[in-house]
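For the sequence shown, the positions run 31 to 342 when this note's numbering is used.
To be clear, the hints were calculated from the coordinates, so they are not data collected in a lab.
These numbers were taken from a predicted model, which means no experiment stands behind them.
By construction, the Cβ of each residue, glycine as well, lies at the ideal position given by its N, Cα and C atoms.
Be a bit skeptical, because a hint or two may be false.
[Stated by the list, open to error] What follows is a list of derived Cβ distance ranges for each label pair:
| no. | residue 1 | residue 2 | range |
| --- | --- | --- | --- |
| 1 | Val229 | Glu332 | 24 to 32 angstroms |
| 2 | Gln166 | Pro96 | 18 to 26 angstroms |
| 3 | Glu327 | Val94 | 23 to 31 angstroms |
| 4 | Gly209 | Thr296 | 32 to 40 angstroms |
| 5 | Ala301 | Pro146 | 16 to 24 angstroms |
| 6 | Pro324 | Arg210 | 28 to 36 angstroms |
| 7 | Gln99 | Glu327 | 21 to 29 angstroms |
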Amino acid sequence: MALASAAGCVRVPPATLERAPERSLRPLAASPVPRALVRLRRASMHAAQAADAPAFEYAYRAPVSPELQPIFVRVRDIDLLRALPEVQAIDGMFMLPRPLRYVTAECGEFGAFYRPGEGEVVLCYETLRTLYERGQALQRRFALADDYPLRYTRANLRFIVMHETGHALVHLLDLPVTGRQEDAVDQLAAILMLRFADVAETPAEVIDNLRMAANWMLSDSTGAYNLDAYADEHALGEQRYFNLQCLIYSTDPPAFAGMVAAGDLTAARAAGCEREMRQAARAWLRLLLPSLAPGYEAYEEEAARYLGVPGA
């Protein structure tokens with residue numbers, strides 16, 4: 031299964047930990063509770079799925095490599111894809127022209143991608159293995175809690191799957207995107223993670239999930255790039271990292287002022303983060319609202335209030 035055939039994909043090869051900047055590796059201190067998430071609501075509280083809206087489909091394809099077999103068995107037995115809170119929340123939310131299928135499979139390398147011809151978001155078993163190994167390395171290096179590798183894997187898995195879901199929605203709903211689509215779906219992934227939390231998660235834990243996703247962006251950082259890196263459809267890892275940092279900062283600038291002092295965000299960028307986040311959220315709302323399925327009127331009313339529509 032070749033990554034090159036995908037319309038949108040995550041293609042970040044694993045790197046040795048020593049190559050990334052020190053601040054990118056050390057997990058940030060416990061997050062404060064932000065005062066302004068995007069109206070955080072539990073995934074279990076989303077509207078009932080409309081009967082006539084195509085539901086998502088899920089498939090766990092057996093790998094050929096014996097070393098990936100335990101991962102396959104685990105994700106199949108816990109129904110991993112269906113259990114993701116963001117996936118639960120949007121399953122049935124949009125009037126898609128065809129069902130969207132979420133798949134786990136052996137790919138031969140780290141990756142995740144959307145296949146427009148098949149209407150599939152594919153998550154590679156190699157990705158789960160690599161993320162967990164990096165979480166273990168961070169745990170050992172910084173003496174973190176025993177559950178850190180699993181939390182790190184789950185946080186990045188959620189971001190990656192939502193990123194690829196963004197590519198799928200752009201294709202299936204024929205959404206206009208100006209600028210780099212990879213940046214746009216990064217924004218959507220973060221917005222969905224802010225908007226739809228697991229029933230057991232606190233707002234601070236939601237922010238920590240995004241911080242762990244930002245950490246992964248720098249896992250392949252070297253500070254030196256060739257022309258292929260500059261020409262790639264993805265922004266550089268450092269740019270994606272700071273984009274996520276900006277989004278985190280925007281949820282509560284006073285609470286996250288320490289990010290600027292620590293060098294995790296420049297003062298010049300921080301000054302515009304609230305406006306940047308608001309603009310991104312409003313843009314995605316305007317794009318997605320026309321495709322809401324029947325039964326999701328509550329979201330439409332909430333979005334209208336957020337957009338400042340008269341009479342809402």
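To see whether the hints hold, each was checked on the structure:
1. Val229 / Glu332: 24 to 32 angstroms: Between valine 229 and glutamate 332, where Cβ atoms are some 19 angstroms apart, the hint is violated.
2. Gln166 / Pro96: 18 to 26 angstroms: Roughly 21 angstroms apart at Cβ, these two residues keep to the hinted range, so it holds.
3. Glu327 / Val94: 23 to 31 angstroms: violated (47 angstroms)
4. Gly209 / Thr296: 32 to 40 angstroms: violated (21 angstroms)
5. Ala301 / Pro146: 16 to 24 angstroms: Violated: the Cβ-Cβ distance is about 38 angstroms, outside 16 to 24 angstroms.
6. Pro324 / Arg210: 28 to 36 angstroms: holds (33 angstroms)
7. Gln99 / Glu327: 21 to 29 angstroms: Distance hint for glutamine 99, glutamate 327 is violated at roughly 45 angstroms.
Hint compliance for this structure: hints 1, 3, 4, 5, 7 are broken, all remaining hints hold.
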